[in-house]
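Peer 1: Sequence:
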Amino acid sequence: MTKTVISTFVLTLIFFTAGFIWLLSGPRKVSEEIVTSNLIDSEQVLDTEISPYAPSASLIQKKAPLVMWSLIEESNIPDIKGYQGNVVDAVPLELKTKWSSEIALGDNIMLSVPQIDSDLLLTVTQVKNQRRGIKVITATAIEDSADLLLTLGPSSTFANVGTMKGTYELVGTASFGWLMPSKNMDPNVDYTKPDYVIRKVTEPSDK
1345 MTKTVISTFV LTLIFFTAGF IWLLSGPRKV SEEIVTSNLI DSEQVLDTEI SPYAPSASLI
1405 QKKAPLVMWS LIEESNIPDI KGYQGNVVDA VPLELKTKWS SEIALGDNIM LSVPQIDSDL
1465 LLTVTQVKNQ RRGIKVITAT AIEDSADLLL TLGPSSTFAN VGTMKGTYEL VGTASFGWLM
1525 PSKNMDPNVD YTKPDYVIRK VTEPSDK
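Counted from 1, the sequence shown has number 1363 at position 19 by my numbering; the numbering is strictly sequential.
Just to be clear, a hint being listed does not mean it is correct.
Taking lysine to any residue and the SDA-like style, the derived pairs with C-alpha atoms no more than 25 angstroms apart in a straight line are [stated by the list, open to error]:
id, residue 1, residue 2
1, K1425, S1489
2, K1509, V1435
3, K1479, P1409
4, K1407, Y1427
5, K1527, K1407
6, K1440, V1471
7, K1479, A1408
8, K1479, D1461
9, K1442, Y1427
10, K1442, V1457
11, K1509, L1464
12, K1407, M1529
13, K1509, I1453
14, K1479, N1504
15, K1425, I1486
16, K1472, N1528
I should point out that these hints are in silico values taken from the structure, not numbers from a laboratory.
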């Protein structure tokens, strides 16, 4: 009788201890599974690449926009190589692109199009550093209502600005430029492609 009571007591104690250990370990395992799941989800978000042609809210930098240019009097602008001259609706601008050396994806660019009395806010989606100090910057409005293709050289600036009311081109130096409607420019030039200033190199002749 005594042995039976002792055996029953021992078995009860074993089951009680096992149950107690399970209660302690069970929630911790569940918690570990939740944490592991969250880490996996976080890694999936970090591995997602943002398209360089479609800015999203997560890409936009929360800081003051970079001002592209400002309107000036025609008498204050110097002669610019490459400007066709007498282009209808062309406006003179002072360029403010000294920030270009530090520009990054997600930066905002503010530019005005005086011809249509419009201010555009665009987000930088792509930055390419080319040879000879040339930088090509692509920027797009979130609603795809406007886009910018900007080519900056050591002494030259070119830009293609697409809006809902037409396309505009900028031809300028590092400090000044003319913004004009594309429809009023040379129709034989494809201004949708990056622009470069190409200097002819003359080989020395043997005499």
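Peer 1: Against this structure, judge whether each hint is valid.
Peer 2: Cross-check of the supplied hints:
Under the criterion of a C-alpha separation no larger than 25 angstroms, the hint pairing K1425 with S1489 is inconsistent with the structure, at around 31 angstroms. The hinted pair formed by K1509 and V1435 meets the criterion: a straight-line CA distance of about 17 angstroms does not exceed 25 angstroms. For the proposed pair K1479 and P1409, the alpha carbon gap of about 19 angstroms is at most 25 angstroms, so the pair holds. A threshold of 25 angstroms between alpha carbons decides the hint, and for K1407 with Y1427 the separation of about 34 angstroms lies outside it, so the pair is violated.
Of the pairs offered as hints, the one joining K1527 and K1407 is violated, with about 35 angstroms between alpha carbons and a cut-off of 25 angstroms exceeded. Distance restraint check for K1440 and V1471: the Cα-Cα separation of roughly 18 angstroms lies within the 25 angstroms cut-off, and the hinted pair is therefore satisfied. About 22 angstroms separates the Cα atoms of K1479 and A1408, which keeps this hinted pair within 25 angstroms; it holds. The suggested pairing of K1479 with D1461 is violated, with an alpha-carbon distance near 28 angstroms, which exceeds 25 angstroms.
For the proposed pair K1442 and Y1427, the alpha carbon gap of about 22 angstroms is at most 25 angstroms, so the pair holds. At roughly 20 angstroms between alpha-carbon atoms, K1442 and V1457 fall within 25 angstroms of each other, so this suggested pair holds. Restraint check: the Cα-Cα separation between K1509 and L1464 comes to about 12 angstroms, which is no more than 25 angstroms; the hinted pair holds. Taking the CA atoms of K1407 and M1529, the gap is about 36 angstroms. The hint is violated against a cut of 25 angstroms.
Distance hint between K1509 and I1453 is fulfilled; the C-alpha atoms sit about 19 angstroms from each other, no more than 25 angstroms. Between the alpha carbons of K1479 and N1504 the distance comes to roughly 14 angstroms, so the proposed pair stays at or under 25 angstroms and holds. For the hint linking K1425 to I1486, the alpha-carbon distance of about 34 angstroms lies beyond 25 angstroms, and the restraint is violated. This hinted pair does not check out: K1472 and N1528 have alpha carbons roughly 29 angstroms apart, beyond 25 angstroms.
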